[in-house]
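Sequences and hints are given; from them, build the entire structure.
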Amino acid sequence: MTAHAPDVLVVGAGTAGSYAAATAAAAGLDVVVVDRKSESEAGHVACGDALKGAGAFPEAIPKSRIEPAFTNSGVDHGRFEIPSEETVLDIPVPGELAVIDRHDFGRRIIAAAEEAGARFHYDTVVHDVRQADDGRVLGVDAVRHDDPTTYDAEVTIDAAGALSILQDCADLSETTFDTNVQFSQFCSAYREIVEVPDPVEWDDALVFKPTERAAGYLWYFPRTETTINAGLGFQMTEEPMELVEDLKRDLRTRPEFRGAEVVDKLGAALPTRRPYDSAVAPGFVAAGDAAGHVNPTTGGGIAGAAYAGCYAAEEAVRAVGEGDTSEANLWRYNRRVMEKFGARYAGLDVYNVLSTAVEVDDLMGLLAALPGEKIAEALYGEASFGLALKTRVALRSLEYWETFWTSTARSASRTGWSTTTTATPDGRRRSGDGRPPATTSWTACTTPSERTRSTRRRYGCRSRPAARTARSGSTPSSAPAPPRSPGGEPQPRRRRGQPATPGQPSRRRDRRTPRQRPTGRTAPR
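Counted the way this note's numbering counts, the sequence shown spans residues 1 to 525.
Where hints are given, some of them may not hold.
[Unchecked claim] For each label pair, taking beta carbons as the anchor points, the in silico distance ranges come out as:
1) G321 <-> S84: 54 to 60 angstroms
2) G28 <-> D146: 32 to 38 angstroms
3) R318 <-> K63: 21 to 27 angstroms
4) S38 <-> E201: 36 to 42 angstroms
5) D152 <-> D264: 51 to 57 angstroms
6) A269 <-> M1: 31 to 37 angstroms
7) H127 <-> D264: 27 to 33 angstroms
8) P255 <-> E339: 35 to 41 angstroms
9) V88 <-> R252: 17 to 23 angstroms
Hint data in this document are derived by calculation from the structure and do not stem from the laboratory. Bear in mind that the values here come from a model prediction, so they are computed numbers and not experimental data. The beta-carbon is built from N, C-alpha and C at its ideal position, and this holds for glycine as well.
Shown next, in the form of structure tokens:
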């Protein structure tokens with residue numbers, strides 16, 4: 001048994017984890033990063049490789065360190081192919097855009113974090129979260145090179161990616177940490193790195209195309225003129241191999257891919273929902289994919305994860321310095337994320353409600369009615385439609401109005417959105433409770449105490465016993481009274497992950513395959 005006690009523990013050596021480690025280490029804290037991958041595989045992540053330019057990243061890691069990984073900085077627009085409408089939308093992208101070598105990028109940000117003073121522990125598999133009697137996260141239990149290892153830290157930063165094991169193991173039911181997460185809000189992504197014999201004509205564009213049989217899309221992103229990231233994203237409820245075959249079929253029909261060679265394959269899960277309403281708990285902060293910090297319409301999240309990692313580390317540094325790692329003292333992290341990108345991502349989540357509510361052909365027809373530059377503004381900023389443009393788009397999309405309204409209302413009722421009262425990322429309803437009226441901006445609460453009651457009501461959180469055994473093995477001095485049923489008779493205690501009442505879903509992640517899971521159940525984490 002080996003024990004480590006850093007000031008800050010980071011789980012996951014991806015973008016959020018590496019930027020968090022670099023930030024905290026540069027501030028003088030003792031930082032350890034644990035990752036299940038080997039040193040040679042660390043940084044090798046499945047993604048589309050497209051992102052904003054180096055200028056879109058925080059200063060925690062110098063731009064000069066990451067720029068060599070930007071293999072194609074000449075991309076200036078998106079190309080959206082809509083076969084059902086025989087339409088190709090050219091969507092200009094405001095600002096700098098690039099395609100990267102993701103493995104090289106990952107290795108570079110890890111090296112920068114190491115130079116700042118962070119220590120990386122590879123081949124380390126986390127299997128449980130350590131918590132105190134009051135629920136504060138103390139660290140994790142792990143196995144490193146077959147050696148049981150404990151990590152105790154003042155603050156633990158969860159950068160372990162989508163469906164994080166830390167959130168699976170930790171009991172966060174008495175905090176405001178977002179547990180309103182559904183399995184349908186995650187998607188699977190698969191990509192191949194393809195070498196083609198001749199330069200493609202569209203090396204200045206990101207190419208998108210809807211899949212034939214589900215709510216998903218294909219992409220073709222040029223790393224170079226002859227190296228293409230070809231992939232697809234789709235809902236996890238779909239049959240993956242059928243959709244992979246859609247990608248392979250499309251590759252076979254494109255003349256530019258004749259004689260191509262696949263040099264790498266990789267898949268992953270990622271969130272396609274609004275960012276978590278709250279991603280903090282006592283001694284605990286989640287960042288990147290682990291907190292839903294992904295553009296829900298495109299799946300892109302590298303720059304957002306970098307900023308979230310920096311913000312998480314900066315708030316951890318401040319909290320450790322003040323000797324107060326409570327949820328309230330870490331709460332400012334939520335506000336900073338929402339102000340930087342979370343509010344915009346939350347608005348874009350409405351598109352996901354629409355995309356899962358209507359047929360793909362109807363959705364593509366509606367998109368074809370919109371000017372490309374306005375789609376770009378909606379994706380990357382705020383769109384402003386003049387009266388003439390509103391009228392023209394309304395007339396062109398008239399046939400889709402009824403489909404949009406009825407299908408979206410039905411889908412919204414399943415996904416937690418409401419067509420009459422909408423919930424802000426602070427967990428409050430915008431009408432019917434005396435709160436301020438609805439506005440077009442999304443804001444975060446000032447303190448977690450403002451959300452506690454509404455969070456328990458909205459998420460159905462179970463109450464934590466008055467005292468409990470810490471994950472580290474300590475025993476409370478006096479046991480709390482056993483819980484009682486509404487009739488007053490004592491009830492047996494349940495183990496962590498066991499349903500509170502018959503029929504209530506467990507908080508533990510459902511280990512069945514997506515095809516076996518009941519439709520519409522809340523996603524265990």
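Here is what the structure says about each hint:
no. : hint                              : in the structure
1   : G321 <-> S84: 54 to 60 angstroms  : holds (57 angstroms)
2   : G28 <-> D146: 32 to 38 angstroms  : holds (33 angstroms)
3   : R318 <-> K63: 21 to 27 angstroms  : holds (25 angstroms)
4   : S38 <-> E201: 36 to 42 angstroms  : holds (39 angstroms)
5   : D152 <-> D264: 51 to 57 angstroms : violated (38 angstroms)
6   : A269 <-> M1: 31 to 37 angstroms   : holds (32 angstroms)
7   : H127 <-> D264: 27 to 33 angstroms : holds (29 angstroms)
8   : P255 <-> E339: 35 to 41 angstroms : violated (46 angstroms)
9   : V88 <-> R252: 17 to 23 angstroms  : holds (20 angstroms)
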